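A.B. asks: Sequence:
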Amino acid sequence: MVDEESMKKNRNATPQFIGALTEMVWEQIGKSLAARGHGH
1 MVDEESMKKN RNATPQFIGA LTEMVWEQIG KSLAARGHGH
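At position 28 of the sequence shown (counting the first as 1) the number is 28 in this note's numbering, and the numbers step up by one without a gap.
A hint or two may mislead.
Stated by the list, open to error - Now the in silico label distances, taken between C-beta atoms and shown as ranges:
| id | residue 1 | residue 2 | range |
| --- | --- | --- | --- |
| 1 | His38 | Glu4 | 28 to 38 Å |
| 2 | Gly37 | Ser6 | 25 to 35 Å |
| 3 | His38 | Glu5 | 19 to 29 Å |
| 4 | Glu4 | Trp26 | 13 to 23 Å |
| 5 | Gln28 | Glu4 | 33 to 43 Å |
| 6 | Ser32 | Glu4 | 35 to 45 Å |
| 7 | Gln28 | Ser6 | 12 to 22 Å |
| 8 | Glu23 | Asp3 | 10 to 20 Å |
| 9 | Trp26 | Ser6 | 31 to 41 Å |
Simulated from the structure, these hints should not be mistaken for lab results.
Since we're looking at a predicted model, the values are computed, not measured.
Even glycine gets a Cβ: it sits at the ideal position worked out from N, Cα and C.
Make a model of the complete structure from these sequences and hints.
C.D. replies: Printed below as a string of structure tokens:
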């Protein structure tokens, strides 16, 4: 993930960067939910 240092350097994060980051986060959440769902 993005650490604090990179965030400070990259305050003007491009929409592409933000979009990619958001996509990655949602993918992780999806995997977590899928894993929980299969746990039943």
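A.B. asks: Hints numbered earlier in the text: which of these fail when held up against the supplied structure?
C.D. replies: 3, 5, 6, 9
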